[in-house]
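> As a plain string of letters, each chain reads:
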Amino acid sequence: MTALTSVSFKTPQLVARIIRSAIGILVVFWMAVRAYNVLFIDQPYGTDTWVRFAISGLIIGGMYALIAIGYTLVYGILGMINFAHGEVMMIGTFGGYFMLEALEATPAPTPASPDLNFLNAHPLLSILLAFLVGTAVASLTGYFLEKIAYRPLRNAPRLVPLISAIGASIFLQNAVQLLFSPQLRDYTNPDVLARGIGWSINIAGSNVMITYTGVLSFSLSIILMIGLYVLVKKTRIGRAMRAVAQDKKTAALMGVDVNAVISRTFIISGALAGAAGVMWGIHNGLVYYFLGFVPGIKAFTAAVLGGIGNIPGAMVGGLVLGLVESIGPAALGIDFQLKDVIAFLILVLVLIFRPSGILGAASVEEKL
Amino acid sequence: MKRNDSAFKSGLRSGSTFTIIVLFLVLIGFNASGSALLARLFGQAPLSGQLPPVVYGLVFLALLAIWQGASSTIASRHKGFHVPWLSGFSSTGLAGLVLAVFILVFGSLYQGGADFRRTLYALSPAYIKFLSADQSPVNGALINLFVLLIAGGIAGLAVVYLPFGKLWKQVKVTWLRFWNMDANRSLRASRYFKFGVYALLVLFCFFAPRLWGSYWNYVFGLVGIYVLLGLGLNIIVGLSGQLVLGYVAFFAIGAYTVALLNAPVPHNLMWGFWPAVVIGILLAALSGFLIGLPIMRLRGDYLAIVTLGFGEIIRVLLKSDLLTNFTGGPRGIQDIKGPSLFGFSFSSDVDFMYLIILAVALALFIASRLQNSRVGRSWIAIREDETVAQASGVNTTRYKLLALALGAAFAGIGGVLFAARNQFTGPEDHVLMVSINVLSLVIVGGMGSIPGVVLGAFALKGLPEILRELANYRLLAFGALLVVMMIARPQGLWPVGRPSLQRPEPESPPDKPEESNREVTHG
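The listed protein sequences correspond, in order, to chains A and B. Just so you know, we're using the numbering used here here: the first sequence kicks off at 37 and counts up by one. Just so you know, we're using the numbering used here here: the second sequence kicks off at -16 and counts up by one.
Because the hints were derived from the structure by calculation, they are not lab data. Here the structure is a predicted model, which means the values were calculated and not measured. It cannot be assumed that every hint is accurate.
[Unchecked claim] Think about it this way: if two alpha-carbon atoms lie no more than 25 Å apart in a straight line, the pair counts; the simulated DSS-like pairs of lysine-lysine are:
1) A:K284 - A:K270
2) A:K269 - A:K284
3) A:K183 - B:K152
4) B:K152 - B:K62
5) A:K284 - A:K375
6) A:K269 - B:K152
[Unchecked claim] Sample of chain A residues at the chain B side, in silico, Cβ under 10 Å:
7) R56
8) I59
9) G60
10) I61
11) S92
12) R194
13) F207
14) L229
15) A288
16) M290
17) V384
Idealized CB from N, CA, C, for every residue including glycine.
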């Protein structure tokens, strides 16, 4: 009788574990079969196509990585998901867009071409200005977001700041929509950096295009990631951030101004998201109010994939997610419309089977 | 003298936030919509696409200023500053100055033929003219400055010199005395009173759908469906404390069940509405159970994101070409056949309203019985502390799964009714925003509170239809509301009370000691 009751008491957990494992095995098995079919039997694509997928995946992955770092930094320090981070990125995209528009409207005539504008007269300077404005606007958004929506809730139960973050995200989206109209707009690039032009290399007998915008985005994202790593590991600010992430109270006792560190964290993560946003605009070419949502969720996936709270993990996770997302549909032989499903599926699977991510965060189990 | 100075300064401080809010409202074009609403209240609703009379714009600004002036003055008085009304003047004066500069600059630019609509969407020439009260930019700026300054200042003065506080206290004391009268109490406790209230409600529910016309049937039908969804999510989030953001998935399952079983395209099954109701509820509950199984380990924000992922997967799948042959793809499913009973077809909106009222009443009954049962107490224990609940012998996995399945069942019937009423369902009916709307109404009403859900559904789904001039700003207000509620009133508008066996002690009025004595001898 006791055995019976104890069995019936344990049954749901047991069933849950069995079903969990069954789902996992089925999904992995299905993926393996599909990938084997595509790669060795059907072979629908040549090497050049795979290289093309990989390049676009790396470029997008760099942007995901930059956004994911923001999630990871905030999670490491406050233990909350900054749900509005995608909106911070979107605002950065808008900042860069308006800067480029303004520069395009500014005349800079030369004797050779009298109706030249500033944007095309000084393309690199213009892009630099756009990045500066984008990061500045996004940093400011991050700063005020923390100050208004999160700081009053510092000691509230865990769900409360998350709901506040969801609210802030909806608010920012709709504020941008109401201010700047719901329409989709083309991002204004300088002519030399127009989308779709670049170097072409010969791979396996056909030309693969490496766009200038892609090279710019990817190299800039790598530079920013290295810069952030140095900032966190080598400087006073970074040491303070690490101290607060480990233990807020002790850090405060050691003379660290916790509020200032948290503000700085939001500024830094906002700046990275803003830079990613301007890259997004320059490379993908569209800007609209809802643009931050999907990259936001995907970057969160990347952060979880790498182990949330772990900065190198977020970088690796971003790049891996970008690659998987662009190669995955082709490798599994499914429709490209289902690209987003792959990202969400990865998120769900990682959270269910290995919540500590690839590189593993130290204390994620107790935070779960 | 120094004290005057600080009331002034405190006004400037609170006024800077107010200024930002006013400028933001101006930039998103809220002034036009707000004053159109005011104009409708006075029976002068503008035609669609046209701006209301200028006066209402100024009245709208004045109302904002009165609010700010009064609250800023109250804050100053609370801090003990010497001349508190100065802060009313200074705070709205600051906003007035900035607004005046704004109107001056943009008014002159627009007179010069500039157009900023490509950047700032709301700023059409007509709107700028409306803001400057149909005057030249200079006059318009001055008028706005004076309206804000005077309205805010007078509000501040009124707060200081008119006995609002005493009046309010008097009203409160009188009301409490009336409410706690012995006759009143015994009346409320009597069974006939309860029956009377229920009878009135039933009568209202019977006659109202016939009387108030199809538009209000549509609106309140939507409110009813959201009450169903809210009751379900209330079980999941409010009682068992699992933040599920993919709630719309269960709604979609209900909607697609009735659609696939009762539409000519794509399958032409035509099983009828009632089997579809049962199957929809069962399928939704089953999917809640199945989704629950793998995610039982997750808590808090991880759970939220995973369920959001599930919801998005379902939406993308519904939209993709993969399932077009099975679910109709991006175009959705049309011509869903409505219910019929004994040969009598529920075709009109009134019939559907009755159906929804019936479902809501049933759901309210089930939800309240569940909440006050052993199951409900277990859920609340899990919400408060899962580890402790488990240690006290609550089978957390089982109860969490039960909460998910039951909550999903409520969403299933909501989806069935929604799709059958619209005779259409498609991927765009099942976006993340539905989950967020339902979550907002549960939170605004008060997590775990059933009357709160009803109140929240009316506030978030009914009010926007009544204030339809402001429809564009609905989501903006949702977002702001979520943040503000979390900061100022996390327990919601109608928080759930702890069950108590004791008769609550009435609030003793401070200036009537003999009153409270009497109560004590009675209690």
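> Please go over all the hints and tell whether each is borne out by the structure.
Comparing the hints with the structure gives:
1. A:K284 - A:K270: holds, 20 Å
2. A:K269 - A:K284: Holds. K269 (chain A) to K284 (chain A) sits at ~18 Å (cutoff 25 Å).
3. A:K183 - B:K152: violated, 36 Å
4. B:K152 - B:K62: Cα-Cα ~21 Å, so holds.
5. A:K284 - A:K375: violated, 40 Å
6. A:K269 - B:K152: violated, 60 Å
7. R56: It holds, given that the least Cβ distance between R56 (chain A) and chain B is near 5 Å, below 10 Å.
8. I59: holds, 6 Å
9. G60: holds, 9 Å
10. I61: violated, 12 Å
11. S92: violated, 20 Å
12. R194: holds, 5 Å
13. F207: holds, 3 Å
14. L229: violated, 22 Å
15. A288: violated, 23 Å
16. M290: The hint is violated - M290 (chain A) has no Cβ within 10 Å of chain B, the shortest such distance being about 29 Å.
17. V384: holds, 5 Å
Taken one by one, the earlier hints fail for this structure at numbers 3, 5, 6, 10, 11, 14, 15, 16, listed in ascending order.
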